[in-house]
Structures are given as structure tokens and as C-alpha cells.
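Chemist: One letter stands for each residue in the lines below.
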Amino acid sequence: MALDKQQIAQRIAQELQHNWYVNLGIGIPTLVANYIPEGIDVEFQSENGILGMGPFPFEGEEDADLINAGKQTITALPGACYFDSAMSFGMIRGQHVQLTVLGAMEVSENGDIANWKIPGKMVKGMGGAMDLVASADNIIVAMMHTNKAGASKVLKECSLPLTGVRCVKKIVSNLAVMEVLPEGGLKLIERAPGVSVEEIVAATEAKLLVEGDIPEMTF
Amino acid sequence: MALDKQQIAQRIAQELQHNWYVNLGIGIPTLVANYIPEGIDVEFQSENGILGMGPFPFEGEEDADLINAGKQTITALPGACYFDSAMSFGMIRGQHVQLTVLGAMEVSENGDIANWKIPGKMVKGMGGAMDLVASADNIIVAMMHTNKAGASKVLKECSLPLTGVRCVKKIVSNLAVMEVLPEGGLKLIERAPGVSVEEIVAATEAKLLVEGDIPEMTF
Amino acid sequence: MNKVVKNVEEACQGIQDGMTIMLGGFGLCGIPENSISELVRKKVTDVTCISNNAGVDDFGLGLLLQGKQIKKMISSYVGENDEFERQMLSGELEVELTPQGTLAEKCRAAQAGIPAFFTPAGYGTEVAEGKETREFNGKMYVMEEAYKADFAIVKAWKGDTAGNLIFKGTARNFNPSMCGAGNVTIAEVEELVPAGELDPNEIHIPGILVNRIFKGENYEKRIEQRTVRQKS
Amino acid sequence: MNKVVKNVEEACQGIQDGMTIMLGGFGLCGIPENSISELVRKKVTDVTCISNNAGVDDFGLGLLLQGKQIKKMISSYVGENDEFERQMLSGELEVELTPQGTLAEKCRAAQAGIPAFFTPAGYGTEVAEGKETREFNGKMYVMEEAYKADFAIVKAWKGDTAGNLIFKGTARNFNPSMCGAGNVTIAEVEELVPAGELDPNEIHIPGILVNRIFKGENYEKRIEQRTVRQKS
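Chains as they are written, first to last, in this note's numbering: chain C, 2 to 220; chain U, 2 to 220; chain W, 51 to 282; chain B, 51 to 282.
Don't read these hints as lab results, they were simulated from the structure.
What you are looking at is a predicted structure, and each value in this text was computed from that prediction instead of being measured.
It is possible that some hints are incorrect.
To be verified - Below, computed lysine-lysine pairings styled on PhoX-like, alpha-carbon distance capped at 25 Å:
| no. | chain 1 | residue 1 | chain 2 | residue 2 |
| --- | --- | --- | --- | --- |
| 1 | W | Lys122 | C | Lys125 |
| 2 | W | Lys189 | C | Lys157 |
| 3 | W | Lys218 | B | Lys92 |
| 4 | W | Lys92 | W | Lys121 |
| 5 | C | Lys149 | C | Lys125 |
| 6 | C | Lys122 | W | Lys122 |
| 7 | C | Lys118 | W | Lys122 |
| 8 | B | Lys121 | U | Lys122 |
| 9 | W | Lys218 | B | Lys198 |
| 10 | B | Lys118 | W | Lys189 |
| 11 | U | Lys125 | B | Lys118 |
| 12 | C | Lys170 | C | Lys122 |
| 13 | W | Lys122 | W | Lys198 |
| 14 | B | Lys121 | B | Lys92 |
Given the sequences, and given the hints that come with them, work out the whole structure.
Modeler: Below, the structure is given as C-alpha cells:
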């Protein structure tokens, strides 16, 4: 069974390490915050200007002056702080954030990512994604392995305008966990429960290294 | 009679305009704050991190955490604010400060200034002076016209390592007020009371334009 | 040092057709609502707006888009706005998309008198096309130049008569870095107090970076995505 | 996120001979007194110090100079220190003088991941020798690169267990821009409170830029120039 969005987020949450600062992109990445493993203390940065972002407010307690990068009303945890956009991206560019999780329209086998523009059709802009992918040491992409037509989104080369080059370290899709090898090429690490290596290979256009037994993800 | 240091400061204070932010260097420039003309509201910036610097504290009220760029204990006026060094020089570099007054060892006829180093003898460093002279639109130099040996410090070319090039707009010395012409060369504007044009010319190595009657300074 | 102007009309005096205007805010959070309304009322046209977002159809900069007052938008993210998309795809509206951190830093550079700096953002993408790139310590960077605007318009929480500003929560966002990045900086504030009432240690932006300040009125503070959880 | 270490010894663990250390403070104002004492006690030698000033003969970085622990000073102003002058003129001590604003911005650039930027300071002087210069909008600028340090050591007024910092008065100076500019950032504070006690809106430096925090002791806070006026 391919993972649903919650499960993708849940699998990514297993990557969290104690005392990490983490930036979660809009969409599936946001859900990662719901699955922080026991005993792991992480702090969430939202690039519009908060560290120590907490859960959504209780109804009636929303504050228009307190939102996340997805423009959602949020709360601040004890120890939180606010700062301006220049400082926020100083943190990001200065590599003070240990993990960035974001969505993608396409990723390539050398770690390129495309997620901001479909020429002639949709141009919402890159927001903070280009700064994040150009700066972060550790980038995990959360995505569906294929598009609605069944075509692979894990490609030899991205066809859409790039957001960043050679930056993705790991991909967690609905089918698999893959690592981007330093020399280029992807390595299959885990399969979604019940999904075969053959199914994953068939859904992957990129060069995919499969070595030995590939374990199923566990939750 | 040549001016004393207090009078140089007093003459420079006449240049202050309403609502200007002003940075005063160490030495004679600091004294300018004592002669702000009636009805003129100016705010003093000290580059170590305060806007709205006030007078020295009353005895017993010194605060080690509140000093000016000369490391003197000071006070803060209502409306003052503190900031870090990056912001402070952002203000300076961004030309938000309207007037900079500083001392000099030498100035040249094209507005070069030297005030931070005597090779082999004295190297105290430039502090904030290089940022100030490179950025400020309006720079007035407060200085003695000649050194102790009687040699001119207002030169065709500076002999000491430069602090900045073509930046000085006006010189107020113990003998005269001179303007740096946009095309280079100095123009004599005012004489110290009782000092003749001839005395000033004799004390000036730089090209000095003297046009018509040169009025005496008034206080 | 008194920076107070009596109202939004006086604050916006001198803003003319064809000018470049920088506006604070992230989405609808921390936007200068009063000044945007005044720009609509004044009907200034052909303006270039530097702002992280373009508002929504009927609020924020969306109001200027409705009136076709904007010639060019410089932003990082422009979703959630149908009229924007229509004008852009039809070619009526020029759009320059800049990575968010680069946008913030280009404003801060203008404030701080830094004409250009290097950032890794956008290297290897179309954002870097036509720009100088260079390697530092084994990594590639793009050279970006400071933004300059005729007017910068920001929204703060508290301000004093000397122009000192304090922002609130994430409504801070782009506002501080835009102060002093325009030839004239206008600040509208929710609360305006006499100089001396704000703790000098708590001021986010020194008054030297603000030219005109006024107390704004009737803030709507519209929430774009009202997300809540239930009390269990 | 708990950044608290139990004392100055633990805070300074890992500082070794030959390292580059960045230290906050302007003159003797806002210097990390406890950490400087610990560097003296540890007898680390051959260090490069990036600090606006070099202290006075018997306080601040002057203490490290006394022990000949410093190989190189990077500063903007080094007056008021006889031992410094002696070591410099005799060639024992290497000195790199940098304009004060450039020094601040080079630290801030390191904090913010900007490898290089342009500044007008020093153009046409020996400071620009060997550096790239370039014209922007008719004015000449010098390219300056970010400072990188092994350790950055700062002094704050209040801090919380998460590493968030608030500075006081002009003791703020270089301290904020140095946070995160070293591989490890150590903050010593006068008052250390639990996370949540500081108003998130009043924090000057977010804890993400601080790796180790501890409550300093016995601050002398020596005044360099005690200037007063008489009550009339």
C-alpha cells in the first residue's frame, strides 16, 4: 500500500534528531510536526519570522499578528522569539537550521529540485524555497512519486524550472525512501509497506541503485 | 587671534540645521554638542550604538553599559534608542546621518583626509572614521591649521596614509573656515577674528581661493 | 526630532505615478492598510511595488491591482490572487520574482548602504540568469544588488514621535528591513506615543530610518488562513 | 532546546591553541569578562582575536596580551594599551586593522551566510589594497569577505535556557552580530532565566544563533572614561 500524506509526514518525522531546528514547508511537510518522536526536542522555524512555533490556536484565540509561512494562524511556545525577514533568512543562509523539509513537483537523480513554476500555466513564485534549498545542509523532499497521470516525478533531469541544484539529500515519497548519493544517482533505502521494489523501479525514471534486501518502512 | 578648541566647536555648531542627525568624532568635535543654536533640534548618533545621546551623567549615576564612541559615560535623552554595531554602521553607510564632524591630522585640497596612522610611530586604528568619511554626504573637519612646528596641515596632498578620498566638504580650523570646491581646491570663507588673509594663506600649503572680502567669523 | 504627520494624506504626499514603492507585510500580516487605501484613493498609477506578496483579490495590494495601478510587482510569492494571475498571464502586469531571503536582504542592503552582496539562493536557476556568479570557499553564489525605492511604507505596532518603531509578533516580517530603504520612509502605527515612552532597549527600528509617522485607523487585520484546534 | 552549560569551563571547552576567536564588546563595555578570564586560565596561545578593541593593559583582551596568548588581532581601534603597542611595534603581534563598520558587517555576513559584500569604507586607502573594488551608481566600493571564527564569545544582559538573548544599552555593540558567526557561539549573561520568561518580541538574538549559555559571575564592568557633570 502506498503511503498517504500523513504517513509520508510520519516517516519523515523519524529523521528528526534531538535539538534540531527544523523548517517545514507548506503541505505535507507541515504535517511532520504532528509526529515528533518521544524524547526528541526540536524547534520549528517559520521563515516569516518565528522560532518556536507551536500548534494552531484554540478557536477564538487566533491572533492576526501571529502566523506561519503558510499564512495560517499559529501559537508560540515558551522560548519562542520573533524576528524580521532579513534575520530569518540570515539563519537559513547561515546554515543554522539543521533540517528543511519541503514539497516538490520534480526531483532529479543528482538532487535538483523544481517546485515553483510551470511555464505558461502557474507561477506562484518561489517564496523562501530557493533560499532554503541553496543553504540547507540537510534537505528532505516530501512528495508523491508520480503525478496524477502516473508519470514519474523522480527524474533523470527536471523538466520544470529549477528551484535549486544538487541540494536534495533524501526523498520520502508515497512509495519509497531514497537517498541522493554524493556522486549523483539515487539509492533505494526503504519501501512503503507492501510495495515491491519492482513497483518502485517502474515508477522511477531516475537511475535508482537497489542493493540487497530493501526493508519495508516501519512506523 | 586664532580660535581655541571651544571656539572651533562653537563655529562648527553654526552649521547645524534643524532635524539633523549628527555624528561627532572624538576631541574637538565632541565639544560641538555644547553649542547647539537656539531653536535647532538635532540628535546625536554615537557609532557604538546610540541615537539621542545626552550629556554626561551626574556624579554617581554613571552606567558602565552606557558609553559613547570615546568610551565616556553618557546619558540617553527621551526618544533615544540603542542598536548593534551592524545597524549603527548601516545608518552611517546608508547616509541616514546628515552631518559628520571629525578631527584630522592632515587634509588635502581635494578633500582627502588622514587621521588614523603615522607609519612606524603611531597606529591606533581608524575606528569608525573610514566608514564615516566614505559614506557621509556632509563632512566637516575640525582641526588646527598647523602642527606644533608651524607646518601646514592643510596640504596639496596628504603625506600620511589616507582615511578617505575626496570626502571633506568643509574645514574649520583655528584660523579659518574653508570650503572644498567640487572641482578640487579650497575656498576661503571666513577668517578667525583678527587673523588676516595673508596669515591664513601663509599657513596653508593647499591651493586656496580667496575671492573678494573675507568676513570675520561671528559668534 | 518630530516625525509626526497629521494623517495618511500628509504621510503619502509626494507619491507620484511611475514611482517605485516598497511595502512591508507578509501575506496580509503587518501590511500598511491605511497607506494602501490612500494609494487607491490617490489613484497613483504605473507604480512598481516591491512587496513579498501581492495581497488577495479584495485586500492588501490586491486593491491596487483591481484598479490597475501597478505596472510591475517585485515579490517572492504571488499565489492566492486571481486578478494578479490574470494580469500577469495576459502581460498587463510585469512580474519579477525574487527569492524571499534575497528580497529581504536587498531591502536591508538599501537601508544599510550596501550596493551589492552575494547569496547562494537561486544559483543554477533562472533567477541567476544575467547575474554575476562567483565561488567562495567551494560554493557558488549569485551577486544581488540593493533595491532602491522612492517610498518605503511600513506598518508597526507602536511608534513614538521621534519615529522609533516596535513591531508585534510575525507582523514584523519585512517591515524593519524596508525602513530607510526608500528615499522617504512612511510608518503607520497602531499606537503613537511621545518620545521617551518606549524603552530605548526595546526599539526595533531607530527613528533615524523613518521620515514620517502617523497613527493608523480602523485596522482590519484580515486573517488569510484561520486555522484552529479544538479544546479537548 | 536547552543550551545551558554549567560554568565557564564547560562553555569554553574545545577552545584550542591557534584558533580564531571572535569576542564582543566596545572598549571594555559589553565584553565577556568570564570567558576572557577562562582563556587566561586555560593558557590557550597563538590565537587570532577578532574584536573591535584590544582592551586596556590590565583588563579585557589586554589580559591575553599580557600572557602573550594572542598571535594576531583583528580590530578597528587599538589605542589605550601600551603592551599592545609594544608587541605590535616589535613585530611580536600581528595586527589587521579594519574599519569599524566593515568589521561589524563582516561578522554579520558570517552570521547570515553572506560570503562577501561591498562597502565604500576604505576605498582609496591602504585598507583596500589587494581587494576588489567596483563602481555602483557612480560611487566606488570595496569587496569585503565574511569573517569566520572557530568560536564566537558574546556577553548579554539577560538570556534564557533556549539561548535567546537581550542586551543592555550600548553594551549591545558587536555582540549580536557575532552570534552564529563562529562555529560555536558562547554567550555569558548576567541573568539566566527559564525559556518562556523573556517576551518573544523583545529578544535581540534568537537562541538558534547560540550554542552554549551560562550565567557569568562577578562582573566588574570597568569604566574606561568616567565622565560626569556636576549637579548645579
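Chemist: Indicate, hint by hint, whether the structure satisfies it.
Modeler: Each hint tested on the structure:
1. W/Lys122 x C/Lys125: holds (15 Å)
2. W/Lys189 x C/Lys157: holds (23 Å)
3. W/Lys218 x B/Lys92: violated (44 Å)
4. W/Lys92 x W/Lys121: holds (16 Å)
5. C/Lys149 x C/Lys125: Given that 25 Å is the threshold and the Cα spacing comes to 20 Å, the pair holds.
6. C/Lys122 x W/Lys122: The hint holds at about 19 Å.
7. C/Lys118 x W/Lys122: Distance of about 19 Å is within 25 Å: holds.
8. B/Lys121 x U/Lys122: holds (21 Å)
9. W/Lys218 x B/Lys198: Judged against 25 Å, a Cα distance of about 32 Å means the pair is violated.
10. B/Lys118 x W/Lys189: Distance of about 36 Å is beyond 25 Å: violated.
11. U/Lys125 x B/Lys118: holds (19 Å)
12. C/Lys170 x C/Lys122: Distance of about 29 Å is beyond 25 Å: violated.
13. W/Lys122 x W/Lys198: holds (15 Å)
14. B/Lys121 x B/Lys92: Between lysine 121 of chain B and lysine 92 of chain B the Cα gap is close to 16 Å, so the pair holds against 25 Å.
In summary, the numbered hints that this structure violates are 3, 9, 10, 12.
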